[in-house]
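K.L.:
Here are the chains, one letter per residue:
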Amino acid sequence: MVNYSSFDILGPIMIGPSSSHTAGAARLGKVARYIAGDNFNKVKFFLHGSFAKTYKGHGTDKALAAGVLGMEPFDDNLPKSLDIAKDLGYDFIFYETELEYEHPNTAKIVFTENNNEISVTGSSIGGGSIVITNIDGYDVNLTGEYPTIFIRHNDKKGIISEVTTVLAGFEINVAKMQVNRKNKGKFASMVIETDDSLPKSMLALLKGLEDVLTVRAINPVKEGDINV
Amino acid sequence: MFNTGNELLALTKENDKKISEIVIEKEIKTTGQSEKELREKMKKNLLVMKESSEKGLKKEIKSIGGIIGGDAKRLNNYIKHKSPISGSTINKAMARALSCSEVNAAMGKICAAPTAGSCGIIPATIITTSEVLNLEEDKMINALFTASGIGEIIAKNSTLAGAEGGCQAECGAASAMAAASIVELAGGSCEMSLTAASIAIKNILGLICDPIAGLVESPCAKRNASGTVNAITSADLALAGIESVIPFDEVVEAMYKVGKSLPKELRETSLGGLAATETGKKIKKDIFG
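Just so you know, the protein sequences line up as chains A and B, in that order.
The first sequence: position 102 = 102 (our numbering), numbered continuously.
The second sequence: position 74 = 74 (our numbering), numbered continuously.
Please note: incorrect hints may appear among the correct ones.
[Unchecked claim] Derived DMTMM-like pairs: lysine to aspartate or glutamate, alpha-carbon spacing no greater than 25 Å straight-line:
#1 B:K73 x A:D76
#2 B:K281 x A:D76
#3 B:K44 x B:E25
#4 A:K86 x A:E100
[What the hints assert, rightly or not] Far from chain A, by Cβ distances over 10 Å, these chain B residues were calculated:
#5 A10
#6 K13
#7 D16
#8 K18
#9 K80
#10 P84
#11 G87
#12 T89
#13 E217
#14 A240
#15 A254
#16 K285
[Claimed, not checked] Here are some of the chain A residues that sit facing chain B, going by a computed Cβ distance under 10 Å:
#17 V2
#18 S5
#19 P12
#20 I13
#21 K56
#22 K62
#23 D75
#24 D76
#25 G127
#26 V131
#27 T133
#28 N134
#29 G137
I should point out that these hints are in silico values taken from the structure, not numbers from a laboratory.
Even for Gly, the Cβ is constructed at its ideal location relative to N, Cα and C.
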């Protein structure tokens, strides 16, 4: 039997109208942005299923945009996010699309700057909770509820132990770990969810490892995530 | 810890405590936070509830889908200028529930209680009851812990999702949670709280979830109003000493089974009920083309 906190039942405080189509969408946008980093000026949102069919009436577009701008699901500015994005010089475009094998409330978010592109796909799975299912073509499964590290690296022997040695040095316990690669010996990725929050100095050490290409981290707090 | 109404009741008896006290103790044990921290956190919820239940009374709020809006203000004016048949308390409570639903549908800030679609019932009942009984904020915070205790039991043994159990799981659960809280605010016993919650669910057992155009607007707002009335009258029945023939835990179980046996057309898919009426379909076409 699942245990609930009083605040799972009363809460979250959120901008309406729907926990899955609005609050969950904002959270999805925010986690995607943390994965993508800050270097983007154009974002393409591909909306699938119920997101595509009802986004206008649920403000799903505004919520996703707000999340990408770093807003929380309870931010009073959430309904104005599209105007705010425009004022900040961002180019946000929305497409209604069909993505194969995806949950009905799914969005693929593509961040672009110059010729660099990073894509993050995720679903809003109810009650404001989300799951990220794909990053840049790599299948993943992360919720953003745990401190999470996403590493892209060269597919070389010993890289996993190098990374976990750094974590151990900071007394970070690994809760869940997924590894994935596109081609043998080329690019691969790791998703590590931990029990402990992620210090900046540790992330810098990970970034410094020879075969590590990028490191992204999400340090979640239930009411308001902290960027690192 | 408690998983059922019976277990919760046993704890209140063994320790000679109210439901809210047992829920707060459980929360301290499971989160490691102090009572002060927990009360502060719940106070934030209460603050958002107060604001969202007031906003629509003064200002006409228009939803983003455009299906609803302005009814909270309309009802508030009616209370001021006419003599409502069901009295000003019931009408004020309904106006507050409508206000929360309108704020929600207009992308305003609300506290899910237990869901966004049912966010008007608990604020409307707790604020109105406290007004009638002249109670302070601390008591309202207690009432919110009582409400969440009842909600936890329903979540554990049934569901709070319209897609799973229909509107009975959202507005019905909210109504039961509210009814139990009202009883505690009015000084009734813990048994009476559970009785009130039982009656509230029994009254709306089988209520389907059929939002027009798939939006949290209609019939959601009015079901928040009726869920509020249901909570208040169920609490009054229990406070009068009337008992529920079927005990709370069995009512919750029945609600779950009824929800499970509802066809998918009647569980938030907008394929049946009011959403599938001629007018419902026309509204959908007008909004989404």
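K.L.:
Please write out, lowest number first, the hints stated earlier that are contradicted by the structure.
P.N.:
The structure breaks hints 2, 4, 13, 26, 27, 28, 29; every other hint is satisfied.
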